[in-house]
Structures are given as C-alpha cells and as structure tokens.
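Going down the list, the protein sequences come from chains A and B.
Those letters in the first sequence? Residues 1 to 213, by this note's numbering.
Those letters in the second sequence? Residues 1 to 398, by this note's numbering.
Hints are supplied without guarantee of correctness; some may be wrong.
The calculated label-pair distances, taken between Cβ atoms and stated as ranges, are [unchecked claim]: (1) A:152 <-> B:68: 38 to 46 Å; (2) A:78 <-> B:358: 53 to 61 Å; (3) B:356 <-> A:141: 51 to 59 Å; (4) B:63 <-> A:80: 25 to 33 Å; (5) A:80 <-> B:214: 49 to 57 Å.
To give an idea of the interface, some chain A residues facing chain B are shown, with a C-beta separation under 7 Å as derived from the structure [to be verified]: (6) 61; (7) 62; (8) 82; (9) 83; (10) 84; (11) 86; (12) 88; (13) 163; (14) 191; (15) 194; (16) 195.
I should point out that these hints are in silico values taken from the structure, not numbers from a laboratory.
Note that beta-carbon positions come from the ideal geometry of N, C-alpha and C, so glycine has one too.
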Amino acid sequence: MRPLRIALAQGTLLADTRVALAAAGFATDALADGGRRLVVPGADVEYVLARPSDVPTHVAHGAADVGIVGKDVLLESDAEVLELVDLKYGRCRFVVAAPTDFIDRSLDEYRHLGSLEVATKYPRVAERHFQGRGIQVEIIKLSGSVELAPQVGLADWIVDLVSTGRTLKENGLAIIEEIAVCTARLIANRVSYARDRERIAALASKLEAWAAR
Amino acid sequence: MKGALPRGFRDILPTEARELQAIERTLMSAFAQYGYVPLEPPTVEFAESAVTVDERRTLRFLDRDGRLLALRPDVTTAVARVVAQRYRQADATLRLAYFAPIFREEASMRGSEREYDQAGVELIGDPTLRADAEVIALLADALARCGLLAADIDIGHVGFVDGFIAELPADARDAAGAAARSGDLVGTVSLARAAGMRAVRIAALERGLRHRSTDLAALRADAPAASQRALDTLDTLRPLLEAAGVGGAIRFDLGFIPALPYYTGVVFQVTVPDLGFPIATGGRYDGLLARFGADRAATGFGIAVPHLHQALVTAGWQAPAGSPLLVLAPDDGDDAATLSVAAALRAAGIAVAIGDVAESAGQDVRRARVIDEAHLEYEGVVRALDAVIAVLTAGEPR
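Using the sequences plus the hints, can you model the full thing?
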C-alpha cells in the first residue's frame, strides 16, 4: 500500500503541526527546520511541504490525500475538500478594522456615498462578509501591509487576519467586527477519504484526541 | 492571440477522439440493454432553468432578445424540463440516457476544463428501491464493460445526516446542511453542538460521518428515528444490489453527501485508486422535477467521461483497434484504376485511404500499391484484388 500523502502548510503552522503529527505517532524528524526537501518520503506517510494557500489545491486535486492548513486559507480558497478535524492550534481571527480616530467619519462617509473602500489580502472573505451584512463596499486587493491602507488614504477599512491585534493597535486601527475565528484543520480529498477511510479516519481520530487534550 | 482558445476549452485530437467514441458506444449500448433510450438536449437553456448547478458555475450570455442564456451545465435539467413538458401525463416509468458535452464555469488558473462530456441515465417515475438498485447495477455494469476494474461504489443516504439536522432549531438547519454539503464536517458538528444537540447525538453523528464499511449496525445507537429509517433503506438495498451482481464493490458511506442540494435519498459515487475525483456520482432526487411542474420520483447518475477516460488510460487501456485501414499508394498516372480499386475494397467493407495518412489515430494501418484495376501489391507480393480482399476480411465478423 502506498504511503498516505499529507500536504503541510509551511510557515507559522508547521511547528505545531509537527507536534500534532508526532503525538499521533508519525515520524516528523525530517520536517525539522532547515530541511529543504519539499517531498519528504516515508514508509507510512509522505509529507509534501507547500505554501499555505496551495495546500487546498493539492488536496482538492488528489495530489495529496490529506492536508493540514488554517481555516483562514480554506475560507479564502474555494477548493472542494472535506474538513475533518479542528486541530485547535494556529488560532487567529478575520476582523474588520478601521482607524480608531475616524470610525465615525467613515460611517458618515458611508451614509453620504453609500459605499466604503475596504483593503484586504482576502478578497473572497471580505466580499462574502459584507454581502452577508448588506453593506456595499469596494474591495481593494493588496498583497501585504494592509494596515497601511487607511493611513495613506487608500481605503476606509481593512479586513485582515490578526492573532494578537498588536499590529493593528500600533497602526492606529481598532477592530469593528470579528468575521471568523480560524484554527488549523485536517482536510481530505473526497476520493481519498472514501477509498482510504481506515487510514484517514484513524489519523483524524488520533489528531482529534490530541487536539482535545 | 491568433490560434488561441478560451481557457478550459481544447481540441480533442483524433487518437483521443476515437477513444472517447469507443467509450460512448460502450456506455450507450450498456444503457440500451437496460431499456434506456437516448435523449439529445439542446446546448443552450434559459439561465433560470439551470437550477441544479450553482449560478456561478454556469457559462452565461445574452442573446439578441436580451434573454439570459446558459450553456447546459448538466443534462439532468433538460431531462426534468422534457419530462415536465412532454411527458406530463405519463405515469409510466421513463428511462432516458445521454452522452453529451456539458459546460461549467471554473475559476481561472485552476487547471479545470469548462467543457467536457458527461454520460448518464435518468430513471423517472419509479420511487422503489428496485429502481435505486437498477441504476447502481447499470452504472457498475457500464463501467465494467468499458474495462474499468478496481472501482469502488460508495453508497450513502442524505436522510442520515438530514435526520440529525432536522432536530436542530430552524435557524441552525440551513447553515448545518450547507456545511455538510460543502464537505465542512467540522462545521456541521460544531454548528449542531452550538445549537444544543446532545452529546450522545453528536457522537452518533460523528460516527456516521467517519464510518465506511459494508455494515451499518454500528451507526444505529443514539441516531434519530429519521436517520434510522435511512439506515433501514440501505439495509434493504444491500440484498437487492447483491442480487443484481454488484455486492462486492459496494461500501456504505454516510459521510458522502453530494454538493448539490436536490438529492433526497440513496446517493452514490464511483471512485478508483489514484484519481482525486470521482468517476461518477448519482442518486435519488425526488424533489427536482416538482420545480419544473411535474412531481415525479427520479434517480440517475452522471459519469464524468474525462475522468473515466483518464482512469482507463492509466490502467493501460487502449481503444479497440477496429478493422484495419488500408492506405493505397496510387498507380502512377492511372487515377481511374486507383479509384476503382478503392471503391471495390470499400464495397467489401475495408476502410481505404488513398495516398498517405499523417494521422492514423491508433488504427491498424496496412499499406498496398495499386498495379491496375484488378491487382495490388500487398505485403511485397502482387496479388489479385479478390485475394487481397479475402486476406483483409479474414477473421472479420460477418
């Protein structure tokens, strides 16, 4: 039987992911920091290291059977994958934030102009949120440093991912609304979950038990 | 952009086209053997008719009348419309089959095609489990005739998870159902928990979502009555499938919940190893035809032909070579002799091309040279035309 292929998000989640997988009984030494291999072969499992936003794509196409990635990435992706376990780590929040001093002013402007400009790295999440709220916004897609946008007049509000909220505060922004709380998730390809149910359900149970510790 | 194609559309070159034709013939003859007659729907529908597919997944455009049209996103919609319009009075059972390209909008850069062939059947007007067993057995049979081995059939029932969701307060039901259909099993369970579902029920729901086996007994404990009835249905279905000869390939999988919301009963999908997408999906959709004004029971399936083709090719399958193609080198200067020899060969049932073929598309190509009206050089020997015909048609079914 071929090894189960697991796509892992590189970056901030990886350290906790190693702990979770080790607790579930898998060898994770080869995932140690500084490793440069992107495919880490093994007897039972094979790891694929990918950018977080690519993990759902790998799994949706069956290039990996399962994956571990943040719910934030899943919300922004529309990949068709199964979400099996909430792993509880990597907690962060999608929030709407506005300049502390100008919340009233931007609401005035909204009443006047009927639309607000929102800068974000996560256009799908932002669009869905404001559509659900019935608020008309123009989304401005940025690739980084979204906190900058209100300060330089590029946007009224931002939608961003925060863990502590310190960066927002330092840039004079306050949270107006929380969109979603995101944690790491075990995801699976639909066909792999069907055909390889024993191995994947066993992995899911172990990780779930670890997450509930 | 000279010579470019819109993304997601492609040319199917002769070798693949022949393979797809072989698949089409095999599938349609299998469908015919179960009494299914072909239906050829139009390529274009009114956009508002395409209710089975998310509107963002349909390819839409305006015509000159200002009507919003859609390229058909599936054939089920057309079947529902035809049944509601043309067979409105018929209480009898209708069996319809199709093999047709369908069109789905896809986000760019996803490596997805926007046009591909879908083959399938719809069985209208039969609410019995025998009908569910019939279409599942037909699907298994049709795929086996194509040469697809090692396929698993996962069978679920949307009533199992729906039974749990129906117990939730009204405002939580939609979100929990949508989460289940989108594959967000974490969300389904956490919404149920947040809406006050008891811990034993939650545990029973989670067991159901994880369970895949030939046995259902383990799922009964603590499940709601409606979910128990879904399990009863599957327990009754199993011996029917065994009698129909597909007992070995089936697994019960209550975590399999199709993305489309119109399924009402038994659902199924066919998977093969090492292909990340199902080959075929289907199930009972008793509510759909009512949306077109004909409240009729219905079940059926759709086969994603590119996935079937990919699975077959991966397994080393080749289209049957068929009868050979004879390429005739012309008799220099006497085109009349060449044409008359070609006509005689074709009259005997032999495929003939004159001159040369640059694309044989995997056919068995033989070569011959025309000497005169009655003689050919074939396999290095000059022979009478009749002798060549005898050699080429030997062993051919008459």
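Hint check results:
1. A:152 <-> B:68: 38 to 46 Å: Holds - the Cβ-Cβ distance for residue 152 of chain A and residue 68 of chain B, about 41 Å, lies within 38 to 46 Å.
2. A:78 <-> B:358: 53 to 61 Å: Once the Cβ atoms are compared, 43 Å apart, the range 53 to 61 Å for residue 358 of chain B and residue 78 of chain A is violated.
3. B:356 <-> A:141: 51 to 59 Å: Given a distance of about 55 Å, which is inside 51 to 59 Å, the answer is holds.
4. B:63 <-> A:80: 25 to 33 Å: holds (32 Å)
5. A:80 <-> B:214: 49 to 57 Å: violated (27 Å)
6. 61: Residue 61 of chain A check passes; min Cβ-Cβ to chain B is 5 Å, inside 7 Å.
7. 62: holds (2 Å)
8. 82: holds (4 Å)
9. 83: holds (5 Å)
10. 84: Check passed: Cβ of residue 84 of chain A comes within 6 Å of chain B, closer than 7 Å.
11. 86: holds (5 Å)
12. 88: violated (11 Å)
13. 163: violated (20 Å)
14. 191: At about 5 Å, which falls below the 7 Å cut-off, the nearest Cβ of chain B leaves the hint on residue 191 of chain A intact, so it holds.
15. 194: holds (5 Å)
16. 195: holds (5 Å)
This entry does not satisfy hints 2, 5, 12, 13, going by the numbered hints stated previously.
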